[in-house]
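Please construct the entire structure, taking both the sequences and the accompanying hints into account.
Heads up: the protein sequence lines correspond to chains A and B, in order. For what it's worth, the numbering used here labels the leading residue of the first sequence as 1, then goes sequentially. For what it's worth, the numbering used here labels the leading residue of the second sequence as 270, then goes sequentially.
No lab work stands behind these hints: they were computed from the structure. It is possible that part of the hints are untrue.
[Said to hold, decoys possible] No farther apart than 30 Å at their CA atoms in a straight line, the calculated lysine-lysine pairs in the DSS-like style are these:
hint: 1; chain 1: B; residue 1: 381; chain 2: A; residue 2: 266
hint: 2; chain 1: B; residue 1: 418; chain 2: A; residue 2: 267
hint: 3; chain 1: A; residue 1: 267; chain 2: B; residue 2: 304
hint: 4; chain 1: A; residue 1: 49; chain 2: B; residue 2: 535
hint: 5; chain 1: B; residue 1: 353; chain 2: A; residue 2: 84
hint: 6; chain 1: A; residue 1: 149; chain 2: B; residue 2: 307
hint: 7; chain 1: B; residue 1: 471; chain 2: B; residue 2: 418
hint: 8; chain 1: A; residue 1: 35; chain 2: A; residue 2: 149
hint: 9; chain 1: A; residue 1: 84; chain 2: B; residue 2: 536
hint: 10; chain 1: A; residue 1: 202; chain 2: B; residue 2: 318
[Claimed, not checked] To be clear about the criterion: a stretch of chain A counts as covered by chain B if any three or more of its residues have a C-beta under 8 Å from a C-beta of chain B, and this derived list gives those stretches:
hint: 11; stretch: 26-32
hint: 12; stretch: 38-49
hint: 13; stretch: 77-87
Predicted, not measured: the structure shown is a model, and the values here were computed from it. All C-beta atoms in this analysis are idealised placements derived from N, C-alpha and C, irrespective of residue type, glycine included.
Residues per chain, in single letters:
2 protein chains.
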Amino acid sequence: MTEAVSRSVYFVSESTGITAEAYGQSLLSQFGDTKFIKRYTPFINTREKAQALASELGHRAEAEGQQAIVFATMVDEEINSILKQAQCHYFELFDRFMPELIEATGLQPTRKSGISHGLVNLDNYEARIDTINYALSNDDGMRLNKFDKADVILVGVSRSGKTPTCLYLALHFGMRAANYPITEEDFERGELPDELLKQSAKVFALTIEPERLAAIRELRRPESDYATLRRCYKEVQMAQDMFHRYGFTVLDSTTHSIEELASLIKKSL
Amino acid sequence: MTEAVSRSVYFVSESTGITAEAYGQSLLSQFGDTKFIKRYTPFINTREKAQALASELGHRAEAEGQQAIVFATMVDEEINSILKQAQCHYFELFDRFMPELIEATGLQPTRKSGISHGLVNLDNYEARIDTINYALSNDDGMRLNKFDKADVILVGVSRSGKTPTCLYLALHFGMRAANYPITEEDFERGELPDELLKQSAKVFALTIEPERLAAIRELRRPESDYATLRRCYKEVQMAQDMFHRYGFTVLDSTTHSIEELASLIKKSL
Chain A
1 MTEAVSRSVY FVSESTGITA EAYGQSLLSQ FGDTKFIKRY TPFINTREKA
51 QALASELGHR AEAEGQQAIV FATMVDEEIN SILKQAQCHY FELFDRFMPE
101 LIEATGLQPT RKSGISHGLV NLDNYEARID TINYALSNDD GMRLNKFDKA
151 DVILVGVSRS GKTPTCLYLA LHFGMRAANY PITEEDFERG ELPDELLKQS
201 AKVFALTIEP ERLAAIRELR RPESDYATLR RCYKEVQMAQ DMFHRYGFTV
251 LDSTTHSIEE LASLIKKSL
Chain B
270 MTEAVSRSVY FVSESTGITA EAYGQSLLSQ FGDTKFIKRY TPFINTREKA
320 QALASELGHR AEAEGQQAIV FATMVDEEIN SILKQAQCHY FELFDRFMPE
370 LIEATGLQPT RKSGISHGLV NLDNYEARID TINYALSNDD GMRLNKFDKA
420 DVILVGVSRS GKTPTCLYLA LHFGMRAANY PITEEDFERG ELPDELLKQS
470 AKVFALTIEP ERLAAIRELR RPESDYATLR RCYKEVQMAQ DMFHRYGFTV
520 LDSTTHSIEE LASLIKKSL
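Structure (structure tokens):
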């Protein structure tokens, strides 16, 4: 096996470059030990910018003694062809899949850029912004009367991962995600509020290992009772008893990333 | 040209399916008029699940008289080969790019799934969660003393798009993004706070068309003075004068989506 060397990587697009980065990172994640030096170059949307980038790639290939790897999504054929001829290993999404996709669909592509992440459909876009605002304003369980508007409601103890997961559901999937933090008062009553239980079909419960929870809480409020392992253990245990009693679907944020939690929730609905 | 018919599309993965969805959506966005019925099937991570999905694809092809389009990222060769033989138009990311990428890098892939969006590197993951918490707790300009910890600070009038853009920067790019809403008081003083100006190299200003701003504010507080076109026009004008005076980079949230704003900001740093 050869020694791990560093490789230059570019994510290139006429628009945001979000797709180029997503598929490039996914492919690179398969080469664990290699050090990739990543450069992000969105908005390469004129011949001049493409030529400047091609020239940069040429210089880099000479200076580094090897060609950079370029992940790109280029809709404009002329700009694409400039980069295709540059000194680099060129991986372009549309080139690779379009011919076959045209054959499969029997349709012709529009070849317009910025459609997937731009302001193309204003109504859709405003609906997405609205979901983000919904997640932010229903983040603390204080507006129980808005729960009927939710697509999904996450419940869990403080710092179990509800907020980041809600934001991901809103930003990435356009879902109206509320959350309800279980409080001391709920534990004392031994019950969750009626407004929440009425929506129990939409509820997903998050659990977390007490050790991990204590570490997260310690960062937030060092040396507080709130962050003690004893208290975390007790809260997690009582919460799990409740989840079980109400028959909620329970997901574990100790072993799942927010993307995984969000994907599991989206899949389950 | 043939009439637009609906087509079934699947996003498939052993893990979250986020990459499969991103590249599939990007390709489909090039076929504007066609109606695609999209199904999201993450966590196809066993032979049994793959066989069940292959069988579903077979039934669908029969029922719909045409094969579904499948965008997939399948790391496991055995699972991949089950789907590859299913009755569908199969577009798989790794198959398509890996052989050439192996040649370009001279390295062998690990063929492990869930690396790009899973909990693989806990330190990295916690750093990302930390950026989300940072964005949330620095969302209202109330903690000026934390601005030195920011990677970027967005300024603009209320509802100009600062919060969703900050959250996107945090969630997608892992950047510590704070924001400062310009208040009535700032306009009266004719100045922004020193704590902000000290960090002016990190500041990006958001502007927005007054008509659009008024419409957004009207949704939030109907029939308020805050939502009048007169007031929006005045605030935007005064804010732009300030941005110009301080030499801030100004981005327009009327014409750019939050993804585009975030990409422009990331590129500029």
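Now the hints, each set against the structure:
Straight-line distance between C-alpha atoms of residue 381 of chain B and residue 266 of chain A comes to about 23 Å, which keeps the hinted pair within the 30 Å bound. With a C-alpha separation of about 37 Å, the suggested pair residue 418 of chain B and residue 267 of chain A falls outside the 30 Å cut-off, and the hint is violated. Between the alpha carbons of residue 267 of chain A and residue 304 of chain B the distance comes to roughly 21 Å, so the proposed pair stays at or under 30 Å and holds. Proximity of residue 49 of chain A to residue 535 of chain B is assessed by CA-CA distance (about 18 Å); at most 30 Å being required, the pair is judged to hold.
For the given pair, residue 353 of chain B sits about 29 Å from residue 84 of chain A by alpha-carbon distance, which is consistent with the 30 Å threshold. Distance hint between residue 149 of chain A and residue 307 of chain B is fulfilled; the C-alpha atoms sit about 23 Å from each other, no more than 30 Å. Proximity of residue 471 of chain B to residue 418 of chain B is assessed by CA-CA distance (about 11 Å); at most 30 Å being required, the pair is judged to hold. For the hint pairing residue 35 of chain A with residue 149 of chain A, the CA-to-CA distance comes to about 46 Å; that exceeds 30 Å, so the pair is violated.
Under the criterion of a C-alpha separation no larger than 30 Å, the hint pairing residue 84 of chain A with residue 536 of chain B is consistent with the structure, at around 22 Å. About 25 Å separates the Cα atoms of residue 202 of chain A and residue 318 of chain B, which keeps this hinted pair within 30 Å; it holds. Figure legend: the stretch 26-32 of chain A, annotated as covered by chain B; annotation consistent (6 residues with Cβ-Cβ distances under 8 Å, at least 3 required). Proximity of the stretch 38-49 of chain A to chain B, defined as three or more residues with a beta carbon under 8 Å from a beta carbon of that chain, is established by the 4 residues found.
Coverage of the stretch 77-87 of chain A by chain B is violated. Counting CB-CB distances below 8 Å, 0 residues qualify, and the rule asks for three or more.
In this structure, the hints that do not hold are numbers 2, 8 and 13, in rising order.
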